[in-house]
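Trainee: Residue strings, one per chain:
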Amino acid sequence: MTITESVGGNELTSEAEREQAQLGLTPGQVAIKRARRHPGLLVGFGILLVMALFAVLAPWLAPHDPYLQNLSLRLLPPAWVEGGQWSHLLGTDHLGRDYLSRIIYGARISMMIGIGAATIGAIIGVTLGVIAGYFGGWLDQAVNFLVTCQLAVPSLLLIMALVFVIGQSITVVIFVIGATHWVFYLVVTRSATLRIRELDFVAAASAMGCSRLQIAVKEILPNLLNQILVIFTLEVAVAILNEATLSFLGLGVPSPTPSWGLMIAEGKTAMFFQPWLVILPGIALFVLVIAINLLGDGVRDVTVTNRRS
Amino acid sequence: MTIRYPVRVRAFLVGMMVSLLPLSASAGPSDDTLVVAFSKALTTVDRLYSIQREGLILSRLTDDGLFFVDPDTLEFEPLAAASYTWVSDTRLDITLRDNVRFHDGGRLSADDVVYTFRWVLNKDSDTSRGAVIRGWLDSVEKLGPLKVRFNLKMPYPMALRDMAISIPLRKSGTYDDPRGGDQPLNGIGPYRVKQFDVGRRIVLERFEDYYPDSPKAGARIRNMVFRVIPDEGTQQAELLSGGIDLMMDVPPDVADNVSALPGVERLEGNDIRIGYLTLDAAGYADPDSPMTHLKVRQAINHAINREAISRYLVRGSARAIPYACHPRQFGCQADGPRYPYDPEKARQLLAEAGYPEGFSLKLWAYREKIIAEAIVSDLKAVGLDVDLRYVKLNVFSKMRNDHRMGAFFASYGSGGTADASASTGVHFTANSNRNYSGDEALSKTVLAAERTIDRDERRRLYREALNRIAEQAYWVPLFSYSQNYLLTPALSLPVSEDGVPRLWQAAWRQ
Amino acid sequence: MINYVLRRALMALLVALTVSFGTFALFYFATDPAQTIAGEDAPQEMVDAIREQYGFDRPVSVQYVDWLGSVLQGDFGQSYFWKQPVVELIQEHAKVTIMLALLALVVTVVIALPLGISAALRPNSWVDRFALTTAVSAQAIPNFWLGLMLIILLAVTFPIFPVSGDSSWRHYVLPAFVLGTSSVPAVMRLTRTGLLDVLGSDYIRTARAKGFTGYRLILRQALRNALLPIVSVLAVQLGHKLGGSIVTESVFSMNGLGRLAVESIFNSDIPTVQSLILLFVLTFVLLTLAADLINAWLDPRIRMG
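Residue numbers (the working numbering), protein chains in the order written: chain A, 1305 to 1613; chain B, 155 to 664; chain C, 10 to 314.
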């Protein structure tokens, strides 16, 4: 199977382990030591921390209720533009809702959906990967078939069709994005499981009378944690972008939820005249995703191998 | 509200839009060609087979029916018919004008009228309005070369409306050849179809042999081109660069923005369309639904600030409406309870109904998301936990037709008909999927009104029905719509009362 | 080899059937195509008449078998919405999307390959850092937003390109750029790592020792080997572009397959949706197959199996 071959493949005996052996440190200590020297990771982590704080503390930080409309104050420009008001720093939208507050609350939605969808994807992908890799045979074939079905239809189209017929809600969006983003977890888990299955300690566990399932869960999964974590981080970013795209196309989270993608879609009709409606949420989205990607790349660098790629 | 732009921005916008597109179609007075943008493509220019709004607009140019809607009074007046008499409640005799010609030169005769209506009555012809016409029309017979008799199945006051809006006259034998002739359409209207590129453009030319005593006679502009431009931004750019002369159905915000630029004029007119909420009073979706309580429905009526919504969001000539009909419609005179905006009262009514903490509700909608959001916000303000389900029409109608909605925001255009029957019949008769009232008596009243010719009696019946709807708060009547047009300043276009542009009266300003 | 191709074909068939029945059933249960065909204000008589005329009142299995039967006879049906044969409709829209996808591929290759190669030649230099920054940023920019920003910047503020549409080559510049950049990070990273791998391998070291110098060596030997995974990724990316053009096409209002797919979903235009899904599945299968075959041709060590 080409997909497996082209995506998987990753050295278990990495330079990290060598370094660890040389210095007599635990893997965790090595990772932290290297993380301190990794600018991308630090910057990404920093930005993310700030945005996460905004998301968590939104009710205290947002100057207004993001849902509160004031029809007589529609489409105010940001405060520094002619006609703006300092009480609405980033202006208001087409229902007179405070744009800054909506952007702050938007961070919540994005993060919730990103983490939720990536978790569901991880659960599906890892489960299927362990099953396919460990048991092989027709189960492997069946999983392979699922993967092909999944990859053969453009995932965005599939997500759109599903959300369209199931109905729009945050939960649906989380589940549907999660349910269509598990292939990477699967590929990595499956190939790693295949390799680990042959190793001694699994055979030993098997000899000690552990059931196959116990082996799979207790012995195989912990070995995969690093890789899954890296994929997870990157999938959070992918899910956030997916949600934004879906919402932009009108099939994501329902209005009036303050989703950045939705805000861009709503601003699009007035894009030439009130461009801030489109520009501001886009910047928020960009910063969040780049922070997550930097963090993900960084985590991969410090945990897996010395090589930046 | 007006939006001001810094001068710099304006200069940018004009510059960009004008330099933007190659002038693919020359428009304007210089070559006497009016270019109009259509957002959606028409699949056919034959009104008998299309119910799109674009088809209606086009058909008013290319086709005449026996009657037409007077754009000022919205009454149904004879058009190809010279005169008509109701012989009885179910028998209508029509005399045709003797000087009406088809675009191919042939004269209109009684045979053509009989052919057209028999074609529509024929089930196999699959015309789009066939089912509706078959509901009331029994048969058509020729009484003389210019005289036709219509036999109705029952007294049906809207017969003239259906003839005016839905049935353009066709020459006898038009549909014999399944592939159609060389001519895309052989009508009797003031313009003839010169060219029809499916999905791209429709070219019309003034029909010089049009009967001069027609109320629609005297067309000023020689050529009209309808270009299909689905994207609104592109339409705006084309308008500013002179590629098109007229944009219709412009959302108010866009109209505000674009008309602030030089070189564009904005026209505003009425529209017979009204917006409303339907509440599941019958408890179809959920027998225990809070909507089954009168006080809850009244509370929702009090909770929504229709004045603010129509003033700030619908704008123009839009007005809040107190009853379930458009004020321009015949029969829309009621004196039942009105529900002014009063969130306090709403809360109190909710408490009295046993929901002091509110309840959760799914509100369904498929158009004007901004307005739907504003409604949600008003309902949240009185303590309801509202989940907006904004979906596409195909999902919406499935849910609505299966009676699975607790409340929905929708609108109805009444086919441009200024008569209360056009909307009450669709929404409150017992066999209608749109009816969520479950009120048998109301259904009877509405049906009775639909089968009554006497105008005073019809007025009385509609008053009774509309009062009942208001008392029971089956609906939240919201607002009437307005129509926004953007056009080049060189064009003069009288706006019509029903929101369908009367392009045959368009002219160039001198 | 033939066996392999046959197995792939069988798989494709199964996938196509599964996916198409899935969508068919979804639409059957969740939407009402009759109302869309009739129009929003259409009275019930009209909607009922249409439902009967199109046979929407029959059970889902009957309708599906009916549809499948016609397809097997080469009849893909009429679009409910456009009232036009689906095949014609798809042909019309495919022109735009194929053009867009190919141009976007060119954009990807033109940006990603030179960046990846120069980054690999001087690891950890400023070129490398620049390439990495580009990749990370390109990955984080929402595609649709980039499109809107380009419209504001290059179509409005500096009116160089048209805002939207697909009627001339100028209409394709911005969309192709937007769609193309979305694949830059993946292809760039792959080029870089692939080339680094090859440059570090034994036979290059040997070649270097034998006296070949600089760029000729790299271009001839290393690139050829590094190209392997890139070709398959490009093929898959092309497939993604055919699908990913959904977003680009809606941002720039181009009448391509992606937009047709979205509109058809919104209108319950089932014959069109079904045919598009078959087309997408087929394209995917063909492209991955092509990628495998090209790989096999480039590198005889890979066995089909």
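Some hints could be false.
Said to hold, decoys possible - Straight line, CA to CA, 25 Å or less: simulated PhoX-like cross-link-like pairs of lysine-lysine:
hint : chain 1 : residue 1 : chain 2 : residue 2
1    : B       : 277       : B       : 307
2    : B       : 516       : B       : 449
3    : B       : 534       : B       : 499
4    : B       : 499       : B       : 546
5    : B       : 449       : B       : 370
6    : B       : 325       : B       : 370
7    : A       : 1572      : B       : 370
8    : A       : 1572      : B       : 546
9    : B       : 348       : C       : 92
10   : B       : 307       : B       : 296
11   : B       : 348       : B       : 325
12   : B       : 325       : B       : 301
13   : B       : 296       : B       : 277
14   : B       : 499       : A       : 1572
15   : B       : 277       : C       : 104
16   : B       : 370       : B       : 301
17   : C       : 104       : B       : 194
18   : B       : 370       : B       : 348
19   : B       : 516       : C       : 104
20   : B       : 546       : C       : 92
21   : B       : 325       : B       : 277
22   : B       : 296       : B       : 194
As the list claims (entries may be wrong) - Stretch-level coverage of chain B by chain A, calculated; a stretch enters the list once three of its residues show a Cβ under 8 Å from a Cβ in chain A:
hint : region
23   : 519–533
24   : 544–551
Hints listed in this document are in silico derivations from the structure and should not be mistaken for laboratory results. Where a beta carbon is used, it is the ideal one built from N, C-alpha and C, also for glycine.
Trainee: Now look at each hint and say whether the structure bears it out.
Mentor: Consistency of the hints with the structure:
no. : hint              : in the structure
1   : B:277 with B:307  : holds (16 Å)
2   : B:516 with B:449  : holds (18 Å)
3   : B:534 with B:499  : holds (15 Å)
4   : B:499 with B:546  : violated (34 Å)
5   : B:449 with B:370  : violated (51 Å)
6   : B:325 with B:370  : holds (20 Å)
7   : A:1572 with B:370 : violated (40 Å)
8   : A:1572 with B:546 : holds (19 Å)
9   : B:348 with C:92   : holds (22 Å)
10  : B:307 with B:296  : holds (18 Å)
11  : B:348 with B:325  : holds (18 Å)
12  : B:325 with B:301  : holds (16 Å)
13  : B:296 with B:277  : holds (21 Å)
14  : B:499 with A:1572 : violated (38 Å)
15  : B:277 with C:104  : violated (39 Å)
16  : B:370 with B:301  : holds (22 Å)
17  : C:104 with B:194  : holds (21 Å)
18  : B:370 with B:348  : holds (20 Å)
19  : B:516 with C:104  : violated (42 Å)
20  : B:546 with C:92   : holds (20 Å)
21  : B:325 with B:277  : holds (19 Å)
22  : B:296 with B:194  : violated (39 Å)
23  : 519–533           : holds (count 7)
24  : 544–551           : holds (count 4)
In this structure, the earlier hints numbered 4, 5, 7, 14, 15, 19, 22 are contradicted, and the remaining ones agree with it.
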